[in-house]
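Peer 1: Residues per chain, in single letters:
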Amino acid sequence: MAATPALLELVSVGRRLAGRAVLHDVSFSLRRNDVLGLLGVNGAGKSTTLAIIGGVLQPDTGRVCIDGKNVDDDGHTMRDRIGWVPESVSLWPELTVAEALDACGRLRGLARGARKTAIERELARLDLTGIAQRLCGQLSLGQKRRVGLAQALLHDPDLLVLDEPGNGLDPVQAAQLRELIGKLSPRRGIVLSSHDLAEVEAMCHRVVILHDGRVHHDGALDGRRGQLDAQFRAIAAQPASAAA
Amino acid sequence: MSALSVARIDLRRLAVRPFAWTLAGIALAMMAWQFLLGVSAFMHAQPTVPGPAVGPGFIDAVVAPYLLNYIQLCLVIAPLVTMQALAGERGAQRLALLTASGATATQIVLGKYLACLVFLWLLLIVVATMPLVLGGATHPDWGQFGAALVAGALCVAALTAIGIACSAFTPEPALAAAAALLIGEALSLIDAGVRLTGGDTGWLGWLALHTHLAPAMRGLMRSEDIVYFMIIVALALALAIRRIDGERGRD
Chain A
1 MAATPALLEL VSVGRRLAGR AVLHDVSFSL RRNDVLGLLG VNGAGKSTTL
51 AIIGGVLQPD TGRVCIDGKN VDDDGHTMRD RIGWVPESVS LWPELTVAEA
101 LDACGRLRGL ARGARKTAIE RELARLDLTG IAQRLCGQLS LGQKRRVGLA
151 QALLHDPDLL VLDEPGNGLD PVQAAQLREL IGKLSPRRGI VLSSHDLAEV
201 EAMCHRVVIL HDGRVHHDGA LDGRRGQLDA QFRAIAAQPA SAAA
Chain B
1 MSALSVARID LRRLAVRPFA WTLAGIALAM MAWQFLLGVS AFMHAQPTVP
51 GPAVGPGFID AVVAPYLLNY IQLCLVIAPL VTMQALAGER GAQRLALLTA
101 SGATATQIVL GKYLACLVFL WLLLIVVATM PLVLGGATHP DWGQFGAALV
151 AGALCVAALT AIGIACSAFT PEPALAAAAA LLIGEALSLI DAGVRLTGGD
201 TGWLGWLALH THLAPAMRGL MRSEDIVYFM IIVALALALA IRRIDGERGR
251 D
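Chains as they are written, first to last, in the numbering used here: chain A, 1 to 244; chain B, 1 to 251.
Bear in mind the hints are in silico, worked out from the structure with no lab data behind them. Since the model is a prediction, treat every value here as computed from it, not as a measurement. Keep in mind that the hints are not guaranteed to be accurate.
With the Cβ distance kept under 8 angstroms, some of the chain B side facing chain A (calculated, not the full set) [said to hold, decoys possible]:
#1 R8
#2 I9
#3 L36
#4 R90
#5 R195
Far from chain B, some chain A residues (derived; all Cβ distances over 12 angstroms) [as the list claims (entries may be wrong)]:
#6 D25
#7 A51
#8 D163
#9 S185
Think of the CB as a built atom: it goes at the ideal place given N, C-alpha and C, for glycine as much as any other residue.
Can you build the whole structure from these sequences, using the hints too?
Peer 2: Right under this line is the structure:
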């Protein structure tokens, strides 16, 4: 019997930005129901990797597959299966939360009825109902993050891509985020990036450590605290040019 | 997902943004004042003794210069309306968000263009309403008025497309506005020197906005002038699409 293809698979992905190679031969995969943490110091290539998965950037080399199908072959259909939340998400500041989510639903091509249902579902799930009529420009960082997550979930994607979701959140908000990711992971795959070891260990089933645009570690986590500490420090301590 | 969804978002934003209302208010106040001055000058120039009508009519003396003034104003307004369209969105990662939603570069650029154009065309309609109000009290040449209005609309479309292209190519909205203003003024003044000395403007004259507006203001709508404005729109939008597409593509 043929093995079920991974929900997400990156095969030898490489990418240059502004004349500099930021990703070299990056390969990893993710199964449904898994939360994968992309760990690395600043400039390791985490955001570029996630932007490529989210369809915002194209890889120069290699390919990104969803359920075994190359995303580039049918970009529009494939992108409907992905929800991407950038690091500093800022929806249109002049619109209310409800209007902004409605606009995102339109962009995703959701019909009026489906859009209304999806918005109500995500407002309730992310505890945003109370601020639905508030302008996006007046939200706190934590609220902006939740609205960003809501827009990514509107079309009920199979794969959720979160760039530094815990950045700037206070401990209470970070705990709420962990709980939320735990609730979202069944039925879908989640890839998130972070440079915070504890955050990744608390939320993820697997971890990929990137350094200087290369994968240096790809393995499962067993829920123990501090298991990656020594390994991550050793990789992060390598000078960028010698990290290969 | 279509360009209309992108346009709808931007129109909604323009509708709730004080900047757009302030800009519209200032522009309409300036145009109303210029219209009153034009009408006043026209009234003073009328012969006091009744007789056959001679000299320029209402459209020649008042409406054509008035519409040309709106186009001059658009050289400034269009860059201000379009500067945020792509340059401002890029900084806030909203451009990436649109791409991640499945919007192509063409849909994003056309949507942004459409929203800015609708705003500036709405202003043009309000501006054109002022002489229309006096239409019953005089005997305007409606054909000439229509030609002037169509040329004005095409010129505004061209200036908007230039603004969108500048917004696509620059990271800062202020820089985009300055670049669009510079290009618009250059197209407006490119043959000014030759025109003043009365020489043959040649290809410089063909590039100038004035060359393609003047016949329409006299009531002559030439296909050459329509093609000129369409070329500017197509070229500017194609460059903008190429730039936005390049941001996603390979280095």
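Peer 1: None of the hints should be skipped; say for each whether it holds.
Peer 2: Okay, the hints, checked on the actual structure:
With its C-beta approaching chain A no nearer than about 7 angstroms, B/R8 sits inside the 8 angstroms limit, and its interface hint holds. For B/I9, the interface hint holds, the least distance from its beta-carbon to any beta-carbon of chain A being 5 angstroms, beneath 8 angstroms. This hint is violated: B/L36 has a C-beta 34 angstroms from the nearest C-beta of chain A, more than the 8 angstroms allowed. Hint status for B/R90 relative to chain A: violated, with the closest Cβ pair at about 12 angstroms, above 8 angstroms.
For B/R195, the suggested interface contact is broken, since its CB lies about 43 angstroms from the closest CB of chain A, more than 8 angstroms. The claim that A/D25 is not at the interface with chain B holds, since no C-beta of that chain comes within 12 angstroms of its own (minimum 16 angstroms). Against chain B, the non-interface label of A/A51 is violated: not every CB pair exceeds 12 angstroms, the least being about 7 angstroms. Listed as a non-interface residue, A/D163 fails to keep its Cβ farther than 12 angstroms from every Cβ of chain B; the least gap is roughly 10 angstroms.
For A/S185, the shortest C-beta to C-beta distance to chain B comes to about 20 angstroms, beyond the 12 angstroms cut-off, and the non-interface label holds.
Checked against the numbered hints above, the structure breaks hints 3, 4, 5, 7 and 8 and satisfies the rest.
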